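Undergrad: Sequence:
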Amino acid sequence: TPPSPSGGASAAIAFARAQIGDPYQWGAAGPDSWDCSGLTSGAWARGGRSLPHYSVAQYTQSTALSAGQLAPGDLVFWGSSSSASSIYHVALYVGGGRVIHAPRTGTTVREESMYSWRAPNFFARP
1 TPPSPSGGAS AAIAFARAQI GDPYQWGAAG PDSWDCSGLT SGAWARGGRS
51 LPHYSVAQYT QSTALSAGQL APGDLVFWGS SSSASSIYHV ALYVGGGRVI
101 HAPRTGTTVR EESMYSWRAP NFFARP
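Numbering-wise, full-length UniProt numbering puts 84 at position 84 of the sequence shown, and it's gapless, one number per residue.
Treat the hints as calculated values from the structure; they're not laboratory data. Be careful, since some hints might not be right.
Claimed, not checked - Label-pair ranges, simulated between beta-carbon atoms: (1) S10 with A67: 18 to 24 Å; (2) S85 with G21: 29 to 35 Å; (3) G30 with S81: 28 to 34 Å; (4) S81 with D32: 30 to 36 Å; (5) A57 with E112: 22 to 28 Å; (6) A119 with D32: 28 to 34 Å; (7) D32 with S82: 33 to 39 Å; (8) P72 with S50: 17 to 23 Å; (9) G7 with A64: 17 to 23 Å.
Just so you know, these numbers come straight off a predicted model, no measurement behind them. Every residue gets a Cβ at the ideal spot worked out from N, C-alpha and C, and that includes glycine.
Start from the sequences, fold in the hints, and give me the full structure.
TA: Quick look at the structure:
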């Protein structure tokens with residue numbers, strides 16, 4: 001059983017929520033624009049955990065979970081295959097099947113269902 005989310009999870013979520021509406025920019029890690037892994041890295045920095053600004057590495061440096069083990073503060077990933085090296089997007093799980101993420105160019109940081117696009121296939125706890 002993975003360790004339960006730290007008290008840092010609430011700080012990570014609060015930070016991510018405060019960025020809602022900021023624009024997506026590839027390679028950005030704040031303070032006014034973000035890409036997907038920049039947002040999760042910045043959020044968890046507030047939660048006391050250093051994560052690289054790269055979605056694959058955020059997965060490999062965290063504890064893998066099943067979808068049923070997700071708790072607020074965990075990371076949700078999308079990959080193009082069953083291999084972790086195919087991961088191309090990451091979001092911060094906030095509970096109730098919802099995530100905060102920086103989706104893509106032309107969009108802003110938002111909170112929405114983690115199934116609003118396509119089902120995620122990797123899950124991990126920082």
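Undergrad: All hints, please: hold or fail.
TA: Status of the hints after comparison with the structure:
no., hint, result
1, S10 with A67: 18 to 24 Å, "holds, 21 Å"
2, S85 with G21: 29 to 35 Å, "holds, 32 Å"
3, G30 with S81: 28 to 34 Å, "holds, 30 Å"
4, S81 with D32: 30 to 36 Å, "holds, 34 Å"
5, A57 with E112: 22 to 28 Å, "holds, 25 Å"
6, A119 with D32: 28 to 34 Å, "holds, 31 Å"
7, D32 with S82: 33 to 39 Å, "holds, 36 Å"
8, P72 with S50: 17 to 23 Å, "holds, 20 Å"
9, G7 with A64: 17 to 23 Å, "holds, 22 Å"
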